[in-house]
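S.K.: Okay, here's what each chain looks like letter by letter:
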Amino acid sequence: MRIKDTLENYVFVLPAVAIFSIFYIIPFIWVFQLGLFEWDGISFTKVFVGLGNFKEIFTQDVNWWHSMWNAGYITLIALTLQNILAFMLAWACDREIKLKNFYRVIFFIPPVLSEVVVGMAWRFIINDIDGANIINRALIGMGFPGLAHNWLSDPQTALTVVAVVHCWKGFGWGFLIFLAGLQTIPRELYEAARVDGASSWQSFRKITLPLMIPVMVLVAILTVLGTMQVFVLIVSLVGGEFAGHTSVPVLRILASMRGSSRFGYACAQGITFGLVLIVISFIQYRFSKKGQ
Amino acid sequence: MWCKKALAAVLVLFSVLGCAAQKTDSKPTISVWHWMTDRDPAFQELAKKYEALTGVKVNFELYAPSDAYSQKIRAAAQGTNLPDVFGILGEKRDFASFIKAGHILDLTSYMEANDSAWKNSFFPKALAVNEFAPQNSYGINPGIYAVPIDIMTIQMVYNKKLFAQLGLNPNHPPKTLQEFLDTGAKIKAAGMQGLVSGWGEVWMIDCLANNFAFNIMGKDKVLATIKGEVPYTDPDWIRVLTIFKEMKESGVLAQGLVTMINKSAEQLFANDKAVYAFNGSWCVNVYKGMNPSLEYSAMLPPAASDKYPIAIWGGAGSSFMVNARSKNKEEAVKFLVWLTGQDQQAYLAAATNNLPANRNSLSKIPEVLAQFARGMDYATHPNVWGVSEFSLVIEAWDRGIQSIIIGEKTPEQVAEEVQKIKERELAKKRAQ
Numbered sequence: 001m002r003i004k005d006t007l008e009n010y011v012f013v014l015p016a017v018a019i020f021s022i023f024y025i026i027p028f029i030w031v032f033q034l035g036l037f038e039w040d041g042i043s044f045t046k047v048f049v050g051l052g053n054f055k056e057i058f059t060q061d062v063n064w065w066h067s068m069w070n071a072g073y074i075t076l077i078a079l080t081l082q083n084i085l086a087f088m089l090a091w092a093c094d095r096e097i098k099l100k101n102f103y104r105v106i107f108f109i110p111p112v113l114s115e116v117v118v119g120m121a122w123r124f125i126i127n128d129i130d131g132a133n134i135i136n137r138a139l140i141g142m143g144f145p146g147l148a149h150n151w152l153s154d155p156q157t158a159l160t161v162v163a164v165v166h167c168w169k170g171f172g173w174g175f176l177i178f179l180a181g182l183q184t185i186p187r188e189l190y191e192a193a194r195v196d197g198a199s200s201w202q203s204f205r206k207i208t209l210p211l212m213i214p215v216m217v218l219v220a221i222l223t224v225l226g227t228m229q230v231f232v233l234i235v236s237l238v239g240g241e242f243a244g245h246t247s248v249p250v251l252r253i254l255a256s257m258r259g260s261s262r263f264g265y266a267c268a269q270g271i272t273f274g275l276v277l278i279v280i281s282f283i284q285y286r287f288s289k290k291g292q
Numbered sequence: 293m294w295c296k297k298a299l300a301a302v303l304v305l306f307s308v309l310g311c312a313a314q315k316t317d318s319k320p321t322i323s324v325w326h327w328m329t330d331r332d333p334a335f336q337e338l339a340k341k342y343e344a345l346t347g348v349k350v351n352f353e354l355y356a357p358s359d360a361y362s363q364k365i366r367a368a369a370q371g372t373n374l375p376d377v378f379g380i381l382g383e384k385r386d387f388a389s390f391i392k393a394g395h396i397l398d399l400t401s402y403m404e405a406n407d408s409a410w411k412n413s414f415f416p417k418a419l420a421v422n423e424f425a426p427q428n429s430y431g432i433n434p435g436i437y438a439v440p441i442d443i444m445t446i447q448m449v450y451n452k453k454l455f456a457q458l459g460l461n462p463n464h465p466p467k468t469l470q471e472f473l474d475t476g477a478k479i480k481a482a483g484m485q486g487l488v489s490g491w492g493e494v495w496m497i498d499c500l501a502n503n504f505a506f507n508i509m510g511k512d513k514v515l516a517t518i519k520g521e522v523p524y525t526d527p528d529w530i531r532v533l534t535i536f537k538e539m540k541e542s543g544v545l546a547q548g549l550v551t552m553i554n555k556s557a558e559q560l561f562a563n564d565k566a567v568y569a570f571n572g573s574w575c576v577n578v579y580k581g582m583n584p585s586l587e588y589s590a591m592l593p594p595a596a597s598d599k600y601p602i603a604i605w606g607g608a609g610s611s612f613m614v615n616a617r618s619k620n621k622e623e624a625v626k627f628l629v630w631l632t633g634q635d636q637q638a639y640l641a642a643a644t645n646n647l648p649a650n651r652n653s654l655s656k657i658p659e660v661l662a663q664f665a666r667g668m669d670y671a672t673h674p675n676v677w678g679v680s681e682f683s684l685v686i687e688a689w690d691r692g693i694q695s696i697i698i699g700e701k702t703p704e705q706v707a708e709e710v711q712k713i714k715e716r717e718l719a720k721k722r723a724q
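Going down the list, the sequences are from chains A and B. Residue numbering for the first sequence is 1 to 292, as defined by the numbering used here. Residue numbering for the second sequence is 293 to 724, as defined by the numbering used here.
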């Protein structure tokens with residue numbers, strides 16, 4: 001009877017395990033295997049190089065780690081600016097304010113737009129010669145003509161502009177998840193706190209924040225995973241890697257595959273990148289557990 | 293009983309039908325995969341004509357954009373399910389990899405049949421891009437492996453109206469680098485934008501830099517550098533890099549050029565917002581679509597030296613290959629012979645404003661397109677050099693030029709960095 005129950009349980013999880021294995025585990029192993037070869041992606045023959053590609057990534061490929069640093073910078077801005085903004089707006093929309101449904105719709109428009117469209121639109125807004133130059137005009141109008149410059153072609157500002165546009169596009173997802181999380185907090189807790197004389201800030205600090213930690217962790221993990229893989233927005237905003245200043249890992253992988261025809265190396269980069277993301281997510285998860 | 297009889301009758305009927313000779317369509321269908329959105333309607337029209345003429349149906353299947361097409365072709369090559377006719381987007385080494393993997397038919401015997409009639413109908417430089425010379429560095433059997441459908445040259449264009457506004461002679465574009473740089477001051481003073489191009493996508497930077505390199509040090513030295521015999525720190529190479537610094541300082545380059553995508557550059561030039569553009573002959577069709585009344589003319593990049601002639605990139609614009617594993621390869625070759633015939637090429641040129649690969653079809657093309665065609669006299673292309681630079685070196689070179697333009701690095705610094713990567717790659721190659 002017990003064996004039958006166990007078998008039944010396995011039968012129930014089998015479809016999920018099969019799908020996960022076929023679409024995630026097996027491709028991951030296969031890509032890892034390809035990472036052990038020098039291969040142009042076309043020939044039927046591959047040259048086995050062992051861990052040579054991985055060694056090259058870790059010891060020689062400065063551009064790769066620079067791209068990782070750039071992606072980390074964008075992610076840091078997304079984790080702070082984007083998520084704080086998303087949380088604040090969600091918190092505001094969770095309260096009894098006028099037109100809150102209208103705001104919910106408005107805030108969710110940017111995430112559903114294509115990254116190419118967003119990139120082209122912001123390029124038009126920001127750029128001076130092939131765009132409307134709105135930012136610079138505004139700066140000049142406000143009395144800061146010294147700040148007006150070509151934001152996308154300046155190595156000091158290009159990556160930050162990319163990060164800010166990415167935040168604009170992405171904050172709607174965080175907003176939606178935060179809003180859903182806020183709505184699960186029982187209203188009675190706030191009412192009880194108010195009866196006990198708690199201020200709004202105290203309610204926020206003692207009720208909202210602790211109960212929202214699991215949601216915050218989820219949003220943070222999704223932000224890291226989504227932001228580290230950004231690249232379409234960069235291509236549409238600045239055309240590519242811009243002398244390395246807007247280089248990100250996915251663009252490096254693409255450059256290895258298409259530019260250099262090094263499929264094996266690109267696979268090794270993909271695996272390395274995947275492992276970095278897994279480690280970051282795991283660390284975030286552990287920290288959140290400790291926090292709880 | 294009647295039921296059994298009916299069943300027997302059905303069985304007999306199916307047996308008879310099953311044994312009957314299969315009705316076969318003796319004319320095959322040729323499938324062609326391509327990425328050329330602008331040429332697709334013309335291809336479809338030609339396919340209809342070919343079917344009416346021969347009874348052979350040709351299916352042109354468009355897969356755009358070119359990036360997606362490129363991936364599709366590679367995936368199909370890995371699965372050995374390439375179509376009868378296809379094109380490859382990439383460098384010569386990718387072309388060589390496809391041949392080595394047995395995907396591409398050697399067309400030499402077809403080209404040389406009937407006293408090389410087919411071969412002689414093409415511009416030699418267009419064919420050269422698709423040819424592998426004896427003892428080539430790719431290890432490919434010498435021969436012609438693809439058919440050029442059109443040709444292209446990459447040159448500069450200048451806006452005649454803006455030239456006149458700047459007080460420059462619209463019929464005499466600058467010929468030397470100094471004359472070109474001198475126009476920068478006027479452009480700057482007038483608050484206009486100078487040269488626009490897709491330098492955010494980098495490969496066009498490499499193209500112009502190579503033009504200057506050929507002009508300053510000649511082909512032999514450029515090829516010797518690729519072979520590793522001359523370092524990138526050589527004064528001639530530093531001179532090439534310095535030209536970009538000089539262009540930036542003179543004001544002849546448009547603002548934001550290093551992050552400009554070619555589509556934006558084309559829009560700026562077509563809308564009279566930039567004085568110069570660096571673009572390929574395909575731009576004639578693009579500009580026509582964006583602004584039919586645009587007054588412009590083509591010019592060679594300005595010469596930085598009188599030691600060697602200026603060279604521009606040119607040759608086959610797009611080419612088609614025949615799948616060596618296709619059961620329709622003979623029909624596919626016949627179709628390509630027809631497609632590159634004089635009338636079909638003239639039709640393609642008229643319909644798409646691209647330069648025909650058949651040299652007998654050049655008679656009725658617009659003047660600006662003819663200017664691009666005349667550039668073929670100066671054309672060269674990395675695909676005909678027989679050696680290719682390491683992709684990491686090209687990448688470092690292009691990034692380095694971007695850094696020079698934004699004032700981040702000096703030409704000497706970039707040369708040193710590029711040379712370091714070159715030495716690393718050479719050492720790796722020697723170790724293999």
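Since the hints were made in silico from the structure, they are not lab data. The reader is advised that the hints may include incorrect statements.
Said to hold, decoys possible - The calculated lysine-lysine pairs, modelled on DSS-like cross-linking and capped at a C-alpha distance of 30 Å, are:
id, chain 1, residue 1, chain 2, residue 2
1, B, 555, B, 537
2, B, 599, B, 580
3, B, 599, A, 55
4, A, 55, B, 511
5, B, 392, B, 580
6, B, 721, B, 626
7, B, 480, B, 540
8, B, 540, B, 364
9, B, 555, B, 411
10, B, 478, A, 46
11, B, 480, B, 467
12, A, 46, B, 619
13, B, 480, A, 55
14, A, 55, B, 478
15, B, 467, A, 46
16, B, 519, B, 720
17, B, 340, B, 537
18, A, 55, B, 580
19, B, 513, B, 480
20, B, 721, B, 599
21, B, 565, B, 540
22, B, 453, B, 411
23, B, 349, B, 721
24, A, 46, B, 513
25, B, 417, B, 453
26, A, 46, B, 712
27, B, 511, B, 712
28, B, 537, B, 480
29, B, 467, B, 411
30, A, 46, B, 626
31, B, 480, B, 392
32, B, 580, B, 467
33, B, 364, A, 46
34, B, 540, B, 349
35, B, 341, B, 319
36, B, 411, A, 46
37, B, 619, B, 599
38, B, 565, B, 417
39, B, 417, B, 478
S.K.: Checking one constraint from the list: CA of residue 55 of chain A to CA of residue 580 of chain B, max 30 Å. Satisfied?
M.R.: Given pair residue 55 of chain A, residue 580 of chain B is violated - Cα atoms ~51 Å apart, limit 30 Å.
S.K.: So if I understand the rule, the pair passes when the alpha-carbon distance is 30 Å or less; does residue 540 of chain B with residue 364 of chain B pass?
M.R.: Violated. Residue 540 of chain B to residue 364 of chain B sits at ~39 Å, over the 30 Å cutoff.
S.K.: Taking 30 Å as the top limit, are the C-alpha atoms of residue 537 of chain B and residue 480 of chain B close enough?
M.R.: Answer holds: residue 537 of chain B to residue 480 of chain B is near 16 Å, not above 30 Å.
S.K.: Measure nothing beyond the straight line between the CA atoms of residue 453 of chain B and residue 411 of chain B; if it is 30 Å or shorter, mark the hint as holding.
M.R.: violated (42 Å)
S.K.: Keeping to a limit of 30 Å between CA atoms, is the pair of residue 417 of chain B and residue 478 of chain B held or broken?
M.R.: It is violated: about 38 Å lies between the C-alpha atoms, which goes past 30 Å.
S.K.: Between the alpha carbons of residue 411 of chain B and residue 46 of chain A, is the straight-line distance 30 Å or under?
M.R.: violated (35 Å)
S.K.: With a cut-off of 30 Å on the C-alpha distance, tell me whether residue 540 of chain B and residue 349 of chain B pass.
M.R.: violated (53 Å)
S.K.: Taking 30 Å as the top limit, are the C-alpha atoms of residue 555 of chain B and residue 411 of chain B close enough?
M.R.: violated (35 Å)
S.K.: Hint check: residue 619 of chain B vs residue 599 of chain B, CA-CA at most 30 Å. Holds or violated?
M.R.: violated (52 Å)
S.K.: Tell me if the straight-line CA distance from residue 721 of chain B to residue 599 of chain B falls inside 30 Å.
M.R.: With a Cα-Cα distance of about 33 Å, the restraint between residue 721 of chain B and residue 599 of chain B is violated, given a limit of 30 Å.
S.K.: Is it true that the CA of residue 480 of chain B sits at most 30 Å from the CA of residue 55 of chain A?
M.R.: violated (49 Å)
S.K.: Is it true that the CA of residue 364 of chain B sits at most 30 Å from the CA of residue 46 of chain A?
M.R.: holds (20 Å)
Of the hints listed earlier, those the structure fails to meet are numbers 2, 3, 4, 5, 6, 8, 9, 10, 13, 14, 15, 17, 18, 19, 20, 22, 23, 24, 25, 29, 30, 31, 34, 36, 37, 38, 39, in rising order.
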